[in-house]
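Student: Given next are the chains, with one letter for each unit.
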Amino acid sequence: AQSVAQPEDQVNVAEGNPLTVKCTYSVSGNPYLFWYVQYPNRGLQFLLKYITGDNLVKGSYGFEAEFNKSQTSFHLKKPSALVSDSALYFCAVRDLFGNKLVFGAGTILRVKS
Amino acid sequence: DGGITQSPKYLFRKEGQNVTLSCEQNLNHDAMYWYRQDPGQGLRLIYYSQIVNDFQKGDIAEGYSVSREKKESFPLTVTSAQKNPTAFYLCASSISTQDRSNQPQHFGDGTRLSIL
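Chains A and B are the protein sequences, given in the same order.
Position 45 of the first sequence, counted from 1, bears residue number 45 in this note's numbering, the numbering being contiguous throughout.
To convert, count from 1 in the second sequence and add 1000; that's this note's numbering.
Chain B on its own, in the form it takes in the complex:
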């Protein structure tokens, strides 16, 4: 079945360490997104990518980095500059962000990141 796979499901970070969250999709979607979810705050957009080798900052990009070398993959790195990384991270994809913007986003099952 087509879908979005996020790994790992749980991740622990030590102080000063960078960690990378994986997101892979086999839906042939052009656009991919990373969100952060904190209790009571809904979802906040970190980064998004409309096509391969291109990405844009979202509302809370500081302390995070991404790459989009392949259409199927959009990994997120949480750097040591992100001082409060404990959260639930969700990856999503959609057909396109522009000419078919009425299409819903499809979500993975998330990665829960905690500080050791």
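Bound conformation, chain A alone:
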């Protein structure tokens, strides 16, 4: 079965510093991987996805993610964090038959000025 792990409940970073939110996955077959962001009392917003091709994927709001097949990881990154990036971030993987998304438990990102 497909699964996703986000090993950190919370990540704290100072404004202007680079940030990384970690995600590892377990899949049968080729992975379709996604990152979403959620602000308080709102739905999830799509940030970026990896389907195939370049291992470095660029997405919305200056975020990018690095796909690493050997380490089965898909970490979310941003070169310079903003206070407004503070939110809940979810990593997800499409299931084997393309019917469902399997989500990680989420990581709270706090950016302090």
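Misleading hints may appear alongside valid ones.
To be verified - Footprint (simulated), chain A over chain B, 3 or more residues, beta carbon under 8 angstroms:
hint: 1; stretch: 1037-1043
hint: 2; stretch: 1104-1116
As the list claims (entries may be wrong) - In silico DSSO-like links for lysine-lysine, alpha-carbon gap of 30 angstroms or less:
hint: 3; chain 1: A; residue 1: K112; chain 2: A; residue 2: K22
hint: 4; chain 1: A; residue 1: K49; chain 2: B; residue 2: K1057
hint: 5; chain 1: B; residue 1: K1071; chain 2: A; residue 2: K49
hint: 6; chain 1: B; residue 1: K1083; chain 2: A; residue 2: K49
hint: 7; chain 1: B; residue 1: K1083; chain 2: B; residue 2: K1014
hint: 8; chain 1: B; residue 1: K1070; chain 2: B; residue 2: K1014
hint: 9; chain 1: A; residue 1: K77; chain 2: A; residue 2: K49
hint: 10; chain 1: A; residue 1: K22; chain 2: A; residue 2: K69
hint: 11; chain 1: B; residue 1: K1057; chain 2: B; residue 2: K1070
Said to hold, decoys possible - Okay, the calculated bits of chain A under chain B, using three or more residues with CB under 8 angstroms as the criterion:
hint: 12; stretch: 40-46
hint: 13; stretch: 100-113
By construction, these hints were calculated from the structure, which means they are not laboratory data.
Virtual Cβ for every residue (Gly too), placed ideally from N, Cα, C.
On the provided structure of chain A, position chain B as indicated by the hints.
Tutor: Same frame as chain A, now just chain B:
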């Protein structure tokens, strides 16, 4: 603008009562989904529908029911059999679950359900 509308934003349920959460989309998407979100547990799939008049159980379907009579609408009923209904409920849609499974899901802004 196209999007997904969930209503109401807040809902209160009395013991033994069924309540229905509304989800409407104007994105012309084939597939629709209902998730439940609890703190620290991520999103769990309740039901999903790939086409009109068809739907499948997700991971936590017990105590819930759905219908898909129109492409635009996918209401969720939380029945009295659901003993712990307090949660944030999210509806989503996507173009298709099969031949275009690399497309992201689009989410509504959720309904927060509480017990009186």
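Student: Now look at each hint and say whether the structure bears it out.
Tutor: Status of the hints after comparison with the structure:
no. : hint              : verdict
1   : 1037-1043         : holds (count 4)
2   : 1104-1116         : holds (count 8)
3   : K112/A - K22/A    : 19 angstroms, holds
4   : K49/A - K1057/B   : 26 angstroms, holds
5   : K1071/B - K49/A   : 26 angstroms, holds
6   : K1083/B - K49/A   : 36 angstroms, violated
7   : K1083/B - K1014/B : 11 angstroms, holds
8   : K1070/B - K1014/B : 29 angstroms, holds
9   : K77/A - K49/A     : 13 angstroms, holds
10  : K22/A - K69/A     : 14 angstroms, holds
11  : K1057/B - K1070/B : 18 angstroms, holds
12  : 40-46             : holds (count 6)
13  : 100-113           : holds (count 6)
Of the numbered hints given earlier, the model fails hint 6 alone.
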